[in-house]
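J.: What follows is the residue order along each chain.
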Amino acid sequence: MRNRILLLLTAAFAVLIAWNLKNILLSLPDEARQDAVYRILYFHAPAAMVGLTGFGVGMVFSGIYLATKNLYWDTLAASTTEVSLMLAAINLVTGSIWGRQQWGVWWAWDARLTSMLVCWLVFAGYLMMRRAVQEPDTRARLSAVISVFGTVNAWFVYKVIEWVPRLQHPAPVLSFRTGGKIDRQLETPFFWMVLAYVLLAVILVMIRMRQESVAREIDSLRRLAHA
Amino acid sequence: MNRISASSASQRENSFLFLRQCFTIAAKDLRAEWRTKEALNASLAFSTVILILFSFALDPNPEMLQEFSGGLLWLVFLFAGALVLNRSFAREMQNDCLDALLASPVPPSGLFLGKALANYALLMMLEFLCLAEFGILFNVRWLGNIGPLALVMALGTWALTVIGTMFSALTVNLRLREVMLPVLVYPMMVPPMMAAMILTTDLLAGNALAGNMLWVRVLVGFDVIFTLLGVALIDTVLVG
Chain R
1 MRNRILLLLT
11 AAFAVLIAWN
21 LKNILLSLPD
31 EARQDAVYRI
41 LYFHAPAAMV
51 GLTGFGVGMV
61 FSGIYLATKN
71 LYWDTLAAST
81 TEVSLMLAAI
91 NLVTGSIWGR
101 QQWGVWWAWD
111 ARLTSMLVCW
121 LVFAGYLMMR
131 RAVQEPDTRA
141 RLSAVISVFG
151 TVNAWFVYKV
161 IEWVPRLQHP
171 APVLSFRTGG
181 KIDRQLETPF
191 FWMVLAYVLL
201 AVILVMIRMR
211 QESVAREIDS
221 LRRLAHA
Chain H
1 MNRISASSAS
11 QRENSFLFLR
21 QCFTIAAKDL
31 RAEWRTKEAL
41 NASLAFSTVI
51 LILFSFALDP
61 NPEMLQEFSG
71 GLLWLVFLFA
81 GALVLNRSFA
91 REMQNDCLDA
101 LLASPVPPSG
111 LFLGKALANY
121 ALLMMLEFLC
131 LAEFGILFNV
141 RWLGNIGPLA
151 LVMALGTWAL
161 TVIGTMFSAL
171 TVNLRLREVM
181 LPVLVYPMMV
191 PPMMAAMILT
201 TDLLAGNALA
211 GNMLWVRVLV
221 GFDVIFTLLG
231 VALIDTVLVG
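Protein chains in written order, with this note's numbering: chain R, 1 to 227; chain H, 1 to 240.
One or more hints might be untrue.
Cross-link-like lysine to aspartate or glutamate pairs, in silico, DMTMM-like; alpha carbons within 25 Å at most [claimed, not checked]:
1. Lys-159/R to Asp-202/H
2. Lys-37/H to Glu-178/H
3. Lys-159/R to Asp-223/H
4. Lys-28/H to Glu-38/H
5. Lys-28/H to Glu-13/H
6. Lys-37/H to Asp-99/H
7. Lys-69/R to Asp-235/H
8. Lys-69/R to Asp-99/H
9. Lys-28/H to Asp-235/H
10. Lys-69/R to Asp-219/R
11. Lys-28/H to Asp-96/H
12. Lys-22/R to Asp-183/R
Since the hints were derived computationally from the structure, they do not count as laboratory data.
Use the sequences and the hints to build the structure in full.
T.: Right under this line is the structure:
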């Protein structure tokens with residue numbers, strides 16, 4: 001059953017991403033001031049949105065683990081955080097490429113860029129910590145606490161950025177954000193891209209979960225063989 | 001009526017007891033540190049070495065120092081602070097002292113706050129010594145703005161203390177404890193450190209605090225949020 005859902009989701013993702021890529025790369029016109037390179041926005045911003053949300057979702061799973069002490073939730077939290085970390089990395093890399101093209105530098109120490117990097121480092125620390133602990137219960141407990149600290153920190157940084165007066169990074173452009181103004185024709189593919197990223201994240205988390213359960217099964221078989 | 005006043009009296013007694021427990025833990029830690037002075041001596045020696053190395057790395061002329069002083073100082077505090085914080089819970093590993101402390105009537109939050117207070121006192125002492133040293137070695141005048149500077153140091157150091165003590169408890173049983181603590185603490189410390197560095201640079205340049213209240217708010221907000229989180233979650237970390 002789970003395999004079939006996974007297959008279905010993957011098929012949906014493949015269709016969606018193909019259609020979206022065609023739209024973004026072939027149908028959309030170039031932007032007035034940036035020419036073709038603005039298209040990276042469709043990969044850059046949704047990755048950040050889904051990635052940061054993923055860290056929050058990971059925190060919720062961690063909270064459920066702390067409430068129920070069921071290791072399933074810990075595995076789910078870890079998988080979600082892992083996938084979110086990858087999305088955050090996509091965001092950083094695509095942003096860097098765009099920055100090289102538009103600003104002439106790979107990196108600028110602007111608050112928004114720095115905050116994403118910090119967020120990435122915090123959760124990279126989370127995954128490193130998981131490797132340093134062998135005992136599953138302790139690992140789950142400690143990583144749940146780091147997940148809460150990291151997510152609250154990310155949220156805090158996100159709020160602080162809005163207080164910082166001058167930023168190099170472009171302000172939000174989407175129409176539901178205050179001050180955002182983007183042409184409808186450019187905005188619609190953006191939301192499809194967000195959906196594609198969500199699908200991708202769900203698929204990867206599901207695969208990661210399956211891998212984890214297989215690993216657990218192998219482990220118990222090995223123990224049985226040694227017993 | 002009587003019952004209400006009795007319960008509020010017992011509540012007051014409880015919170016008084018809690019405070020006393022915190023201070024007992026803090027006093028115990030400070031006394032142990034005072035007798036051995038191992039964390040303090042090591043971190044002081046370490047910070048002196050870093051300050052000296054900075055002078056080679058950066059060729060300190062007055063204009064450049066004006067721009068970097070806050071950043072340099074807080075880097076020294078962070079590096080030297082990690083040494084103090086690392087010891088905080090690790091010192092309880094010998095003879096299973098941590099288990100004894102957890103089995104004692106002191107709640108984990110009391111243990112956490114007590115240890116945080118002790119670390120705070122040590123770090124503040126360390127920082128003022130570093131500041132004096134910095135002033136002498138780099139010819140920076142800081143006494144003129146001492147009030148606001150002390151406030152910024154107090155707020156920034158509390159942020160470092162809370163995060164550091166929490167992660168010290170978290171990493172105490174890990175392999176690679178000495179490595180994991182900075183890896184986890186430094187990224188978490190970026191928002192308050194950014195604020196503290198900007199404020200300190202500005203204050204050392206002789207400006208007033210009033211123009212930078214945004215960053216003071218960042219520091220206060222960070223301190224409040226993470227103190228509460230620490231108190232709420234320490235139970236999970238230490239006991240499970």
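J.: Hint by hint, which ones does the structure fall short of?
T.: Going through the list in order, the structure violates no hint and respects every one.
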